[in-house]
Amino acid sequence: MVNNNALTSHVLRRLTFGIHPTRLAQFDGWAPAEVIEQLLAEPALEPVAPELGSDDDYSQLPEWWLRVMSRADAGVHERMVWFWHTLVTSGLSKVNPALMYRQHKVLREHALGNFRDLLQAMAVDAAMLYWLDGSGSTADEPNENFAREVMELFALGRESDVYVEADVRAGAKAFSGWWIDGDNSDEVRFDPDSALTSSVDFLGTTVRTTEDAINTICDQPQCARHIAGKLAHFLSGSQPSEERLSELAAVFADSGLQIKSLVEAIVRDVGFLEQRNNRPRSSVEWVISLRHLFDIEIDGYYLDGLGQTPFDPPNVAGWPGDNRWLSAGNDLTKAQIATDHASDTATLDEEDPIGDVLARAGLFEVSDATIAVLTDAIGAVDSRRELSTLLHALVACSPEFSLA
Amino acid sequence: MPACVSRRELLKWASAGAGAAAVGGATWMVGRSDADHPSLDLGSAGTTPAGTAAPRTAQVEPAPIAAVSNLSQRLLVVIEMGGGNDGMSTLVPYGMSGYYDLRQRTAVSETDVLALDGQVGLHGKLTNIHRRGAAVLQGVGSPKPDGSHFEMMARWWSGDPLNSRSFDTGFLGRLADAIGDPAAAAVAVSVGTSSHPALLSRKVGTLAIPNADAIGYVVGAADEDPLRQAFQRGFAAFGDRNARNAAGGFEDLLREVRAQTVQFAGALGTFGEEGDGGYPDSSFGQGLRLAAQLLDVDLGVRIVHVPMSEDFDTHDDHSGRYPALMEELDTSLEAFFVDLEARGLRDRVLVMTTSEFGRTARDNASAGLDHGTASVAMLMGPVNAGLYGQHPLLTDLDENNDLIATLGFDQYYATVADGWFGVPAGDVLNGSPEPLAGIFTTA
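These protein sequence lines are chains A and B, in that order.
The numbering of the first sequence is our numbering, which starts it at 1 and goes up by one.
The numbering of the second sequence is our numbering, which starts it at 1 and goes up by one.
These are calculated hints, taken from the structure and not from any lab test.
Hints are supplied without guarantee of correctness; some may be wrong.
What the hints assert, rightly or not - Straight-line Cα separation of at most 25 Å, SDA-like style, residue types lysine to any residue; simulated pairs: (1) K260(A) / R108(A); (2) K144(B) / K260(A); (3) K94(A) / D311(B); (4) K94(A) / A365(B).
What the hints assert, rightly or not - Per the computed footprint, the stretches of chain B lying under chain A, defined by three or more beta-carbons under 8 Å from a beta-carbon of chain A, are: (5) 189-195; (6) 228-236; (7) 279-292; (8) 367-380.
Cβ coordinates follow ideal geometry from the N, Cα and C atoms, glycine included.
Construct the entire structure; sequences and hints are all you get.
Given below as structure tokens:
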């Protein structure tokens, strides 16, 4: 029989960013299904905007979001903003912080709304127009970048065979005509003269405008399937079976691509609670979890060493996932972060220091091997303070703490 | 059929123009002059004699470095130019007909080219590479190209130009398996924060690390610091291979990574060197510095993979962005070669470049270049500098109006596997792609 705490912990790891201590207290004694419903019902955060406008914007913006994601009341909506940022992404390597924040607000608006609206808005978002070179693209000599990636990565997937190279070229024409008015607050403008004036064949139908093309993409049955697969993987940790994927895609399509409906279908499924510890924590998840465990601010720049600074994905595919987080470099960096921050942690229960620190970490299913390592550590230092430092640092570097 | 230029003719060209005497020079000779491996495609030959192009002069480097003859001492550094490097900007076909028609907005001016012959030359920012000399392979790509970054990266990483999906390891991982010591902490290392698919291996250890700064956190605590000692003991114990959980899955993978990390850190020991080592303070420059350090200590590392974080995906403003990319490559590599010299490794280290694809033959309205097909690849170190393979014709494009590859990238890989490491191509690649001959120097 699985400990109820383990299930609550699992739900918090997947529907929020980690185990915030006040959440564990709040849900003490709740059934997991009640925790799920509570989190689904909670409103979106409305955080105070970041203070941008200085030379520090490139670090301030990621720091700002990390603080928001670390809040006790960060929940499903915040989680979904993060999901969309990892999938329909843009990044600071090419786009300035002000426009990245503008895009962030688009994702906040649609994170649990309708996917079609989200994609329509992102197609003409200034950051996206810079990131994938839509700005200035003309129908005569279109830039293909956005047309390719919106199908390959964002909405349809490469394996689907739904589109061919000719669709990339045709789509690029339909997406042309947009430009960014640098003299007027980077407003997005449309220039009919450089846009498509007659229809082109695209995905088996004809389209002329950006709106047509996005609608056509969203109308493909593969679109619901692609998003359902990505989100199921994100929330439950593994790719669903073909049968399950078809069910989820049907739910999503029948709802008219309502994101909330898809989230509910994934997390209310009985299998959701069984898919515990089946993927590594991403670096953002690991660092936020450590902030909760150590009850301390951890500078965002450490995330650079762990390869996942929010707003700064390595490329248009977002961050590499799952076992690619398991690298010697990340392991070393985790040791560094844990060592540098563990000394100010709370004093542990004298009777059961190991149980105490594991509970704070939200770890209720811990292997004997890990318990043995922690037990060995107890006699190694003299003071209670040092013992707390040691156990916190070791739990942070345990295999279990690196699992989501 | 394309003609082929012999070394003699090339030298004649080079000496024909005043001030251009050093261009072909001792450094830039055509690698092969036999008919099996035509080294230069003249195409329809609207040729511009090199002498009239007023190319920049370059110093003549002494004779090429002779490769160490003991194959087990040979090392490899792989530079990945992510995003798709435009081969026609690295090796500019300024003398080939069609170039300035295709590249109306993004052409490299003839006066900015470091000429190699009357047809092609290196980008003007590659002054050090030009001076030292490189083996430049032309028309490298796949016979069935694809426009997706991720598809083509997967092919390059796995070593399969046709994507028959027959490999669950990476090309560099298989190469490491073939040449490495299974007892070594790592045979191949990728400089980066996430583990790299190209390095997936079966027998030997491979790992990813962005820098060595944090090694002191996991090994080497002082006796008078029992807290840190206890942390390091526990940190290592999580990776104890005997205490492996039978549960499998990611927890076991994490323990395995821990075991590797600790073994690697222990082998490296106190490793840090102060300062920038004379390298640019960029992630690529410092990545090459780490590569030199890893290859210099006796750890069993044979291959270091250094991805450039710079973005080669120049869909817009290509001409504004590209020179900085080449300058980064050139200055960082120059520091690397100077460093190798000081470490006595020049005869042991081969540098190769990779990129998932080249860019469109024709530029777009944003003065950029979209996803294309064939590109160039460079081999540097103990090589016979010069041009290898044929440049794709610019007047005979494929059905999408892109370059037709003249050399499969598996042949490029085969050249490194067989020619540099003595590993038969068939051991690490599909079929047995034929290595190019004559590239590597001998003692």
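Task: Restraint check for K94(A) with A365(B), where alpha carbons must lie at most 25 Å apart - done: This hinted pair holds, its Cα atoms lying about 19 Å apart.
Open item on the list: With the threshold set at 25 Å, check whether the alpha-carbon distance from K144(B) to K260(A) stays at or below it.
Closed with: violated (41 Å)
Open item on the list: Between the alpha carbons of K94(A) and D311(B), is the straight-line distance 25 Å or under?
Closed with: holds (9 Å)
Task: Cβ contact check, 8 Å cutoff: the segment 279-292 of chain B against chain A, three residues minimum - done: Since 0 is below three, the answer is violated.
Open item on the list: Run the distance test for K260(A) versus R108(A): straight-line Cα separation, threshold 25 Å.
Closed with: Holds - the C-alpha atoms of R108(A) and K260(A) are around 13 Å apart, at most 25 Å.
Open item on the list: Tell me whether the statement that chain A covers the segment 228-236 of chain B is true, taking a Cβ distance below 8 Å and needing three residues at minimum.
Closed with: holds (count 7)
Open item on the list: Can you tell me if the segment 189-195 of chain B counts as covered by chain A, using C-beta to C-beta distances under 8 Å and a minimum of three residues?
Closed with: Coverage by chain A holds for the segment 189-195 of chain B (4 residues, Cβ < 8 Å).
- [ ] Examine the segment 367-380 of chain B for residues whose CB is less than 8 Å from any CB of chain A, and state whether their number is three or more.
- [x] With 3 residues in contact (Cβ-Cβ under 8 Å with chain A), the coverage given for the segment 367-380 of chain B holds.
When each numbered hint is compared with the structure, violations occur for hints 2, 7.
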